[in-house]
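Undergrad: Listed below, chain by chain, are the residues.
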Amino acid sequence: GQSLEQPSEVTAVEGAIVQINCTYQTSGFYGLSWYQQHDGGAPTFLSYNALDGLEETGRFSSFLSRSDSYGYLLLQELQMKDSASYFCAVPGDYKLSFGAGTTVTVRA
Amino acid sequence: DVKVTQSSRYLVKRTGEKVFLECVQDMDHENMFWYRQDPGLGLRLIYFSYDVKMKEKGDIPEGYSVSREKKERFSLILESASTNQTSMYLCATTSQGRSGELFFGEGSRLTVL
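So the protein sequences, as listed, match chains A and B.
Quick note: to get our numbering, add 36 to the position in the first sequence (first position is 1).
Quick note: to get our numbering, add 3 to the position in the second sequence (first position is 1).
For reference, chain A alone in the conformation it holds in the complex (with noise of 0.2 Å):
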């Protein structure tokens, strides 16, 4: 089966960088995907990776380390709209596995 671990809550100022980190346990590797969910809304595909090292699209940063079984999701220049929970999954065969998620409160 698979488990991935990410921490529960970060806070952080608007302007500032926060990292979010996911390790895994999966049987059968193949990428590591991000999701960001607002209050209310329904779950929207951030990025995957699968092979080693840093995607970037715009503000936020995807890495994966496949030897370490550890990715993580950096979000720069934190603001207002980035406050919502952000959920690192695995896909298997067919399927798509998720972590508990982090919720990510951005202040003023």
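Check before you lean on any hint, since a few could be wrong.
Stated by the list, open to error - Which chain B residues face chain A? A few, computed with CB under 10 Å, are given here: (1) P42; (2) Y53; (3) V55; (4) A95; (5) L105.
Claimed, not checked - So these bits of chain A aren't anywhere near chain B, every CB distance computed over 10 Å: (6) F99; (7) Y108; (8) D118.
Just so you know, these hints were derived from the structure itself, not from any lab.
C-beta atoms are modelled at their ideal positions from N, C-alpha and C, and glycine is treated no differently.
Chain A is already provided as a structure; the job is to place chain B on it using the hints.
TA: Showing chain B alone in chain A's frame:
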């Protein structure tokens, strides 16, 4: 854009009632999923389907069943609702078997009294 539509945004049911949650996607995707989301537990997979009339149990299938009679529609059924099934239910779809990207519906918040 992929559109995933869940039939009801909010439902209130009584213990023992049969509950149907329906999900329709408009992108001709093969794979469809039902998750439930509870605080502190993240998203847990109930059932999934990779083709019409095919279904596979996820991590927490007990108390649920599903139906996939048409490619675009995937229904979640609670045969006899219980209070511990009060939750947010999320339908999702993807076109790839090992994809990191799912497209979610807006969710159905079910309260069982």
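Undergrad: Given P42 of chain B was flagged as interface, is its beta-carbon under 10 Å from a beta-carbon of chain A?
TA: This interface hint holds because 9 Å falls under the 10 Å limit.
Undergrad: Under the criterion of a CB-CB separation shorter than 10 Å, is A95 of chain B in contact with chain A as hinted?
TA: 8 Å, holds
Undergrad: Hold the hint about Y53 of chain B up to the distance rule: shortest CB distance to chain A must be less than 10 Å.
TA: 5 Å, holds
Undergrad: Does F99 of chain A sit more than 10 Å from chain B, CB to CB?
TA: 15 Å, holds
Undergrad: For the restraint on V55 of chain B, tell me whether the closest CB of chain A is nearer than 10 Å.
TA: 15 Å, violated
Undergrad: Over 10 Å to the closest beta carbon of chain B is the bar; see if D118 of chain A clears it.
TA: Since the minimum Cβ distance to chain B is about 19 Å, D118 of chain A lies beyond 10 Å and the statement holds.
Undergrad: Grab the minimum beta-carbon distance between Y108 of chain A and chain B and tell me whether it stays above 10 Å.
TA: 16 Å, holds
Undergrad: Answer holds if the nearest beta-carbon of chain A is closer than 10 Å to that of L105 of chain B; otherwise answer violated.
TA: Where the cut-off is 10 Å and the nearest Cβ of chain A is about 6 Å from L105 of chain B, the hint holds.
Violated hint for the displayed structure: number 3, the only one.
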